[in-house]
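Line by line, the protein sequences are chains A and B. So the number in the numbering used here is just where the residue sits in the first sequence, counting from 1, plus 263. So the number in the numbering used here is just where the residue sits in the second sequence, counting from 1, plus 263.
Keep in mind the hints are simulated off the structure, nothing from the lab. Ideal placement from N, C-alpha and C gives every residue a C-beta, glycine not left out. Be a bit skeptical, because a hint or two may be false.
[What the hints assert, rightly or not] Restricting the straight-line Cα-Cα distance to at most 25 Å, the calculated cross-link-like pairs of lysine-lysine (PhoX-like) are:
#, chain 1, residue 1, chain 2, residue 2
1, A, Lys441, A, Lys495
2, A, Lys486, B, Lys413
3, A, Lys590, B, Lys413
4, A, Lys413, B, Lys413
5, B, Lys413, A, Lys495
6, A, Lys496, B, Lys413
[To be verified] Computed, partial: chain B to chain A, Cβ under 10 Å:
#, residue
7, Ser501
8, Ser539
9, Gly562
[To be verified] Covered stretches of chain A (chain B as the covering partner; in silico rule of three or more C-beta atoms under 8 Å from a C-beta of chain B):
#, stretch
10, 284 to 292
11, 301 to 307
12, 386 to 396
13, 513 to 525
14, 601 to 607
Number of protein chains: 2
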Amino acid sequence: MKLGTVGRTVKIGVIGIGSRGVGQLDTLLGMPDVEVVAVCDKYEDRTKAAQEQVQKARGYLPAGTTDYRELNAMEGMEAVIIMTSWQTHIAIALDAMEHGKIPGLEVGGASSIDECWQLVRTSERTGIPVMLLENCCYNQEEMNLLNMIKQGIFGELIHCRGGYQHDLREEIGNGDIKRHYRQDNFMHRNGELYPTHELGPIAQYLNLNRGNRMLSLVSMSSKAVGMNAWMKKNRPDSPLAQAKFNEGDVVTTMIKCANGETIVLTHDCSLPRPYSRGGYLQGTGGVWEEDGRRIFLDGITPLDKYNDHIFVPDAPYMEQYIHPLWKEYKEFGLRGGHGGMDYLVFRAFFESIQQGIPFPIDVYDTASWMAITCLSEQSISMGSMPVPVPDFTDGRWLNREERPGDIFSLDKVCPEAFE
Amino acid sequence: MKLGTVGRTVKIGVIGIGSRGVGQLDTLLGMPDVEVVAVCDKYEDRTKAAQEQVQKARGYLPAGTTDYRELNAMEGMEAVIIMTSWQTHIAIALDAMEHGKIPGLEVGGASSIDECWQLVRTSERTGIPVMLLENCCYNQEEMNLLNMIKQGIFGELIHCRGGYQHDLREEIGNGDIKRHYRQDNFMHRNGELYPTHELGPIAQYLNLNRGNRMLSLVSMSSKAVGMNAWMKKNRPDSPLAQAKFNEGDVVTTMIKCANGETIVLTHDCSLPRPYSRGGYLQGTGGVWEEDGRRIFLDGITPLDKYNDHIFVPDAPYMEQYIHPLWKEYKEFGLRGGHGGMDYLVFRAFFESIQQGIPFPIDVYDTASWMAITCLSEQSISMGSMPVPVPDFTDGRWLNREERPGDIFSLDKVCPEAFE
């Protein structure tokens, strides 16, 4: 559907209304074909605030509960949006499916391979689809790059890199005060805790689970000193000032794909630094780098005066190869958080439901992307041993059709899932 | 000594005079305190051309031979400069030491851990020092960064990256015609073939072999398609057009250090791309990136209008923290290849010999840096298994003094080697 088209109403529940949830709820409340019939947060104050947020925006008071099982069991809703702590996404999604609700999961990594399998098996058994709401797959640069890749501009893809490089010391350090789950995760785990913002787009570039898949990975962690330093400086009187944080300041993960491509991910959230997803894309036709926003395309971008290869600013190429959805979106007018991508990923979720078509990011993508977190913990715990990435498709990746380049136009999602 | 000071004459032999050797010989012939008494290349035409090169520059005909053993056995020289194919550097250096000559090795990786041990043991037994002529340790940016690090600007170092990212398809593809060893290496090996340009400077940053050391590494290789594509396009009638190249187009290596730092190396020479050593340096105080030449220093570099962390151009900081040797060098006048660094690494070699002081890059550095190549091959061959990096110092790394920040001023090399 054209952006802005009002489809049939999808009634939903919203679970997990922390700071991310409040912002996303606001975006949801701006969609006339989405009706929030119930809200849930384990903290009562957040649940009440969310009820008031809905009432203020839409003029009615939704149901409210602090127990996600109660929300999942309610009648009169088709889907639930899960925006709780990372470690609870899958358990809540499983419960939702058992109650006939379609789960849309905010991003985060998995804690065990078995819970990833449970997500897949429960979805297959119940016939209820699952979508990871990976907003970065809908970001402008990533979609333009996907468009360029589908047009062959980069040739045969060989190597991709990406990272979640974000100074979150304050959020993590104050997690106990602000009830933020990142603190627990950083204190007790050590791994690639947040892989999907960069891996999601890369998975589209490399057709993962559609003629290609991740075979194995190996992770390595640096020492962890950033959070301790921050705590001692900023909260010297807290009992946490001496707390040990396990999460290495920089965690690097290398992934090998069935068709021979390699992926390198970087998780870097406890040191002072500017934000970057560190995107890097390399094929037989050229290279693109997020840092510095530079591109080199063999035989396309200009050479220097000595006829040597040089990088040039990517802006003209981003404009030339703008993804059709983003062209439409700019004319329609950007809305929602994170530069507009939050809105688009929600529209992909709702329009797929309205039209009864498969999700562009399906349960196999969700399971395999989330699995990277616990697999990286395993690798690090064993001194950077390689660990296999399960084939959550049970071999169907061999024949699942490659996504067309315009998959993200929403009205042309590929028809092969749940065959 | 001040740059330009003429010390006592050091008589040398020069082994390996391919395209690199010709350029380096030219730099050597410009030094009044260096006398080239013999030259050697396994190809007679190259040996003869080198003899003529010396005669033209200095007015005398040096001895010439196609057998390095013959050169090493000659009387009347103190040192040999080895610039042959990668896989022969160590064997020639061993033979040189047995004949009482001090070997200076052009860069390249090792083929086995045992030959690295032989280099160390032979040097220890004979008392003859060894220096890897790693020119990038003397490059301006790397030395300025070292200066900043020693002044604490980056805080505690956590993570470094670097790469040899250089489109060498033509050199590799025409290796059989041009007698270049890279072709054999790329056809038959698969690993981090050329680690030291980036690892050398990183080793200085992290004090490797001086209170820190590399513990283990793991490597992953992408598929190899770049060279085949190049051969088919550029030499379709050659028997090599269908040759299989083993070397993956992008090889990534993660290294764990004793003090908890991590290093990521990238080898990328068979795809079209601009040159970059992909330098990246991150500590508790900030981040520097070669690509885009950007820096962020917490509390030092300016923030944006929202008070958010941003990268800024590194130029003013490179100027502010210019290494004293480079300040002197600029006043003296740059000379030699690769932006002046080739000259500096030679001067470090000769002045250390003239003054009878330890080399700034010694046999332990040489062995451990070169070992990365065969260790990465081992890791890749076993499906990216972690492999240990030997402690070539036999525990002396614990007490070997950290290099002072001005080690590269040449007259202040650290006095701890060969104790």
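**OP:** Examine the stretch 601 to 607 of chain A for residues whose CB is less than 8 Å from any CB of chain B, and state whether their number is three or more.
**Re:** That given contact is violated, which follows from only 0 residues of the stretch 601 to 607 of chain A lying within Cβ reach (below 8 Å) of chain B.
Original post:
A:Lys486 and B:Lys413: Cα distance at most 25 Å?
Top reply: OK: A:Lys486 and B:Lys413 at ~20 Å, within 25 Å.
**OP:** Double-check B:Ser501 for me: the hint is only fine if its C-beta lies closer than 10 Å to a C-beta in chain A.
**Re:** B:Ser501 check fails; min Cβ-Cβ to chain A is 20 Å, beyond 10 Å.
Subject >> When the least beta-carbon distance from B:Ser539 to chain A is tested against 10 Å, hint result >> reply: This hint holds: B:Ser539 lies near chain A, its Cβ roughly 8 Å from the closest one there, short of 10 Å.
Original post:
Mind checking, does the stretch 513 to 525 of chain A have 3 or more residues with a CB under 8 Å from chain B?
Top reply: holds (count 8)
Original post:
Taking only the CA atoms, is the gap from A:Lys590 to B:Lys413 under or equal to 25 Å?
Top reply: violated (50 Å)
Original post:
Counting residues of the stretch 284 to 292 of chain A whose CB is closer than 8 Å to a CB in chain B, do you get three or more?
Top reply: violated (count 0)
Subject >> Within 8 Å of chain B's CB atoms, at least three CB atoms from the stretch 301 to 307 of chain A: coverage verdict >> reply: The restraint on the stretch 301 to 307 of chain A is violated, since only 0 of its residues have a Cβ under 8 Å from chain B and three are required.
Subject >> Given coverage of the stretch 386 to 396 of chain A by chain B, checked by CB-CB distance under 8 Å (3 or more) >> reply: That given contact is violated, which follows from only 0 residues of the stretch 386 to 396 of chain A lying within Cβ reach (below 8 Å) of chain B.
**OP:** Take a quick look at whether A:Lys496 and B:Lys413 sit within 25 Å of each other, Cα to Cα.
**Re:** holds (23 Å)
Subject >> Satisfaction of hint between A:Lys495 and A:Lys441, Cα-Cα up to 25 Å >> reply: holds (18 Å)
Original post:
Hint check: is the beta carbon of B:Gly562 less than 10 Å from a beta carbon of chain A?
Top reply: holds (8 Å)
Of the numbered hints stated above, those contradicted by the structure are hints 3, 4, 7, 10, 11, 12, 14, listed in ascending order.
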